[in-house]
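Which chain is which? The protein sequence lines are A and B, in order.
So my numbering is basically just the index in the first sequence, starting at one, shifted up by 1130.
So my numbering is basically just the index in the second sequence, starting at one, shifted up by 1200.
Think of the hints as simulated: they come from the structure by calculation, not from any bench.
Where is the CB? At the ideal position from N, CA and C, for every residue including glycine.
The hints are all genuine.
Sample of chain B residues facing chain A (criterion: CB under 7 Å; computed from the structure): (1) Asp1562; (2) Arg1565; (3) Asn1566; (4) Asp1568; (5) Pro1589; (6) Thr1590; (7) Ala1598; (8) Asn1614; (9) Phe1617.
Once the Cα atoms are required to be at most 27 Å apart in a straight line, the calculated DSS-like pairs of lysine-lysine come out as: (10) B:Lys1571 - B:Lys1409; (11) B:Lys1362 - A:Lys1266; (12) A:Lys1232 - A:Lys1185; (13) B:Lys1571 - A:Lys1266; (14) B:Lys1571 - A:Lys1235; (15) B:Lys1325 - B:Lys1306; (16) B:Lys1409 - A:Lys1266; (17) A:Lys1250 - A:Lys1185; (18) A:Lys1266 - B:Lys1616; (19) B:Lys1571 - A:Lys1232; (20) B:Lys1571 - A:Lys1250; (21) A:Lys1269 - B:Lys1571; (22) B:Lys1387 - B:Lys1871; (23) A:Lys1260 - B:Lys1409; (24) A:Lys1269 - A:Lys1235; (25) B:Lys1311 - B:Lys1325; (26) A:Lys1260 - A:Lys1235; (27) B:Lys1871 - B:Lys1279; (28) A:Lys1266 - A:Lys1235; (29) A:Lys1260 - B:Lys1571; (30) B:Lys1871 - B:Lys1306; (31) B:Lys1871 - B:Lys1311; (32) B:Lys1814 - B:Lys1387; (33) B:Lys1362 - B:Lys1428; (34) A:Lys1260 - B:Lys1616; (35) B:Lys1616 - A:Lys1269; (36) B:Lys1871 - B:Lys1325; (37) A:Lys1250 - A:Lys1260; (38) B:Lys1387 - B:Lys1306; (39) B:Lys1428 - B:Lys1409; (40) B:Lys1362 - A:Lys1260.
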Amino acid sequence: MKNPDPTILAELGGAAFRFTPRPVALPPDLRPLWRLSLLVLLFHRASRQGRASLKKLHVLNWALRQPESRATLLDVLRGRARPDRAIVRFDPALNRALDLAKGEKLVEQIAGDKFQITAKGRQLAEEVLKDPECMKTEKWFLDEVSSEITEARINRLLAAVA
Amino acid sequence: MRLRIRAVQLRVITPSVTCGADIAFGDGLAVLRADNSSGKSTVVQSIIYALGLEGMLSASHDVPLPHVMTDSSEVGAEKLPVTESMVAVEIENGTGRVATVFRGIKGRRNKNLISVAEEAVLTEKRSTATRSDFYVRQAGAAVNERGFHHWFAEFVQWELPKVARVDGTECPLYVECLFPLMIIEQKRGWSAIQARMPFHYRIRDVQRKAVEFLLALDVYELALRRQKLREEAFAIRDEWARELSRVADLARGINGVVQNLNVSTPTVWKEGEAPAILIARVRDWLSFSDALRQDLDELAQLEQREIPRVERVAQELETALDTAASELAEADLAADELFHEVEHEERQSGNLNERLSALEEDERRNRDLVKLARLGSIEAMAASNGHCPTCHQTVSDALLPQAERQEPMTVEQNLKFIRSQIETFSTIREASINSLTAKKRRLESLRQRAAEIRESIRSLRRTLVSEGNEPSIEAIERRLRLRDKVNVARRTEEDISGRLADLRSIAARWKTNQAALADLPKGDLSEKDREKLERLRDIFVSELQQFGMTSVDPTTLRISMENYRPEHDGFDLEFDISASDMIRTIWAYLHGFLELSYNRPTNHLKLLILDEPKQQETARVSFGELFRRAAGSPDHPHQVIIATSEDEATLKGLLDGIPHNYISFPGRILKPLTSTDEAAGGQGPDTGPDTSDENGGDEAEIMPWEEEARSAVRRALESMDFDAEARMITLVGFNDEPLSATSREELDRLLISVAAEAWVAYVPFDSGEPVFEADEWAIVEDVLGPYEDRIEEFFAKADNESVEDDDVEDV
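Generate coordinates for the entire structure from the input sequences, incorporating the hints supplied.
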């Protein structure tokens, strides 16, 4: 140590600084790929004739986020609702995903807030379904709720909490 | 390891005529030529059926044979219903062991039974072997002792591995999954490589598994070994955990915890780092030996003193009472503090659990993402390449806007990141759990100590109020308590050190197990596997060059190290080539397997059966080259059976100079069989030794044709109608035709002819002659027994009557 009283900068001796940007971690459900795959599964497994309203998409999308939200929707559907749990919240990522899906021609908007899956979308859904391990929990959940979560039911549920 | 088809026999019985075919196959290349729709596919399908392999074609339990075998047969211009049909195939394994298998197609025989005679029944005219029945197409056919494929696997010396099914259960790799690589039937076998795999068994990756087994890749062994080691690891860990909790229970009995023991992973401790028992005392943790010494010292002190009289220690007792009271207060306070600490730690640990389960869900989703990215539909999307599908500008790989100019990690980076977090948090959780148990233990110990103090206070008080000349109760109780404590501690320590020795040996086993796991090659393929696949690739390429592939340059082709299928530029070859090159590819691929087995150890049966390999108008010269290649060299025993409808002249030209055996059928393969002179057969038992004689009276196994002959005679006898008026017996013949007899001699002749017909219908033929001579008379006599008296009586009566009639006329 030649410098008896070094400030940090002095010790660095005017060396050039360089900042390297590091990529940041991202929750997997914010990846377009994930949401697009989930979206086509939603249409394919839990909707009639491959059609679904924006409301329904939002409810299922919210429920699919995590174990607690999944349990909440199942409870609500089975009449064990807990008043302190929200069954739906607005998720901007879903709207982005829908835009992307439209752009990729996986779904099409058929009227106002109604969407329908396309043949291309179905093909993707079939591919996702082929590997039983892939998106296992999500598939399980959709199968679990598919028969109960009709559009009419969604409307009643939302009317009840509104 | 080998399977050779030595001969095939087909029999179709119609009411008026019996048709059949008897075909012998040689070694090496065998060319079976017959016109289109003349039944050459029937031969290939019959081999599949006789070996109980129809499951390789479809899940259906219908007989996979054309209607000439099952429904109606055209004989000349006539269409005749099939009343009964069967197939027999003579096979040989690599050690020269021969067996003949029989299976009924239509008729009374159970179609799920295959009879096996361990002898060359069709070609060597033997009929003495014991026949045993095995079942097919039913649960257990592959594993059960009486299952045909269990027998078959043993016959060809296959040790079939267990494989995983889609639903997570296990099953043997069924024989039906392997034959699509050795038998190609015409209908759908030529549409792709491994076009007809039995997916209905729901075996995971069945195509890959089949190739791995057939090429005897180590990957199989490796997967098996890895599986076993993992199961063992699981068991060891379990044992470790159980033993650990026993040790913890023991330690708790003396207010202790065992230190330096890894909770989750069995670990061998180094010298000097042996697990130690720590005993919780009010203020501190003491090592077991220190705690014991403390107690022993106290006990020794107490025991040195005489038990005092109350009056002499009253003052002392008062002080002791004070000390005890303040010690109790201290202990209670410490316990209270510790209680809060434990609560805090528990909350922490709960948070950690939540955090970990969220991370685990994230990890799972990221893993799914990696898989999703590989899907064909996804790869084609603009969004997956970082472009907006509508405006084609670059977009970031995130649905919500990120803080300024922050690039998200790639999925793979993210996955790594999450995994490292999971690892960190798991470690933290483990530490937290350890500290939690220790704190709980100390809390318990404090409470126990508090209880002790309270008891000692009670006995002090009782002592203080007792008579002055009585011995101090407190002093006595204290001694007893202490002595007891010391004894328990010693016993427990002994117990624990015994268990620690067990733990040590568990940990040692764990270490060996983990080392073995680590020693397994990283990828799934061993060096030898890679070499084998490279060699397969070389053969494959050289065959394609020989067959004249044009769509792509054969030298640019590889065999995938992942799914073992041919690929071009990293893509499945099937998409890049013309239809006729597809056919060449299938030839080269399947024959490549066979050639690879010449000088590499494989499980290939060195058998290849191709039904109509000249598909898609593959050029003639290619076809010729296929013959040349398939003929192989005599140094490597093998059998390639090629069935084709190519016209005779062309075929002769193509086969010129190629060693082969040629089997040609002008017209239909199934032909009416000439029943050689029934009369000659009926003349008596001078046609060679009887079956039963050869066996020296032992229970001789009756061969199917003999059995058929007997039952035909029996049927005829049962159908007898005694018409007294016409003095005639009417009965039904072998093909249900009406017969009648007016004398005993006539009836005998009829029965003999029934026996002869049935015999001829089932016995194997060799160049137009039945291989086994019938002893019809012996058969008839054998069956006739119970009917004999009735017949004698009938004709005797009829004769009498006719005599009477004559008399009347005479008068």
